[in-house]
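Q: Input sequences plus hints: build the corresponding full structure.
For our numbering, count along the sequence shown from 1 and bump the result up by 428.
It is worth saying that the hints were derived from the structure and are not from the lab.
These numbers were taken from a predicted model, which means no experiment stands behind them.
Misleading hints may appear alongside valid ones.
[Unchecked claim] Capping the alpha-carbon separation at 27 Å, the derived lysine-lysine pairs in DSSO-like fashion look like this: (1) 694 / 780; (2) 827 / 796; (3) 503 / 452; (4) 629 / 525; (5) 827 / 780.
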Amino acid sequence: MTEENLPRIRDVPVENRGDAFLNKLRRCLEIVDFRRFIEHFKAKQSLSDVRQSGVASAEILDMIETIFEMDDTLKELSDYVPTLESLPEDAVCIIRKILRTNIFRPFPSPTAVVSEEENESSIELYGPGDKRPLVEGSWIHLQCIYEFFQKIVDAGLLRDDHIDDSFITWFFNTAVEADDSREACFVADLLPSFWAKFPQKQLAIWRTVRSNLSRFVCPDRQSYIPSAVSSLLWFVSDRIPEWSVPLQEEHTHFLRLVLIPMHKIKSYPYFSHWLQMCLVRFMEKDSSLVNLIFEGILSGDPTPSTSELCLLDELIYLMKFSTIKEIDQPNAQLLFRRTANGLGGYEVKVAKKALDIASFNRFLELAKLHKEASIPVMILALQNAVNYSRNSSVPIIAKHILKKLYDVEKDVSWKLEDEEKKTKRTRI
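A: What follows is the structure, encoded as structure tokens:
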């Protein structure tokens with residue numbers, strides 16, 4: 429910045445602090461570009477080398493000072509915000525411009541054009557074997573901008589007419605597709621503040637969240653950042669208890685068409701915790717949705733072991749919040765088969781998690797209620813786990829569960845053992 433440093437707001441007379449606030453906001457409109465840093469890092473130059481490398485280095489050092497000064501200005505503005513009673517209209521326009529010109533920066537292309545003394549030259553930002561960066565290099569600066577904006581929102585200085593529907597749509601839609609995962613999560617974490625401070629915009633906020641999660645289910649839009657999706661699901665799980673009973677049709681459609689299909693997405697393990705929280709909230713609101721939820725989850729076929737582990741863990745969690753009478757026989761059969769498949773798989777971790785389900789008291793009660801469906805499936809799977817498991821701890825637990833199932837229906841279990849012995853003799 430070529431201008432002289434502006435005085436601190438607290439050092440300005442009270443009657444002039446409004447103008448000082450606006451002047452400092454205008455100072456923050458400048459966009460900071462970090463491509464020159466990358467150029468020098470690619471050349472493996474230390475800061476001492478940069479200091480001696482001529483005019484270009486002087487520009488970089490000046491830019492470093494600019495960044496520090498701008499960040500100090502933003503921090504000062506953040507500290508000053510709580511003292512304000514209202515925000516001038518000019519300040520609102522500048523703040524919106526600061527946001528639109530600075531945040532959601534795309535990662536640079538492999539080759540960047542840099543102008544030096546009216547001559548344009550291209551620099552290679554990535555080497556032949558380099559991958560695209562995972563984080564935005566200017567995040568430290570962007571974080572100051574976000575924290576300043578959050579201070580303004582939390583202080584209640586923005587009115588409903590300052591934040592229109594188009595701004596909400598742009599702000600949250602762009603966030604979930606941001607290149608930098610930290611930026612996406614920061615914006616998603618702002619959702620509760622927006623919800624609390626702008627009650628008139630709650631419908632627009634909910635539609636934006638629902639739209640983003642709906643698009644995430646589409647195969648061509650599954651490049652969304654999983655951590656940002658987790659933040660959106662966390663927000664949804666907090667909103668469900670506020671819904672009236674009976675649930676509106678759009679809410680059940682959201683469950684059926686968005687939340688349940690999310691179990692089939694490859695990145696499901698990354699957000700499974702908050703997804704199961706949403707499902708539990710639905711079950712607590714309306715117990716008639718229990719079978720819909722179990723049927724939707726059990727009808728999938730999670731192939732990666734991590735997804736299957738998360739799915740089995742979610743089934744245990746959901747059973748804790750449901751009664752055996754709420755799970756009908758078709759879903760009980762699906763649950764028995766899913767558990768048996770886990771026991772018969774090659775993954776030891778999956779087999780252990782399936783044993784956790786089989787030893788769960790609610791599961792055993794369900795097996796007693798639907799013994800004709802559970803005994804044939806489960807005892808064969810458990811006997812295979814005892815005889816063929818590659819892990820020494822699995823047979824011990826499996827034998828313990830077998831004893832409990834024998835007590836459920838001895839006739840069925842012993843008949844089953846006789847049939848298995850006959851089968852083995854036939855093979856011999």
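Q: What are the numbers of the hints the structure violates, in ascending order?
A: none
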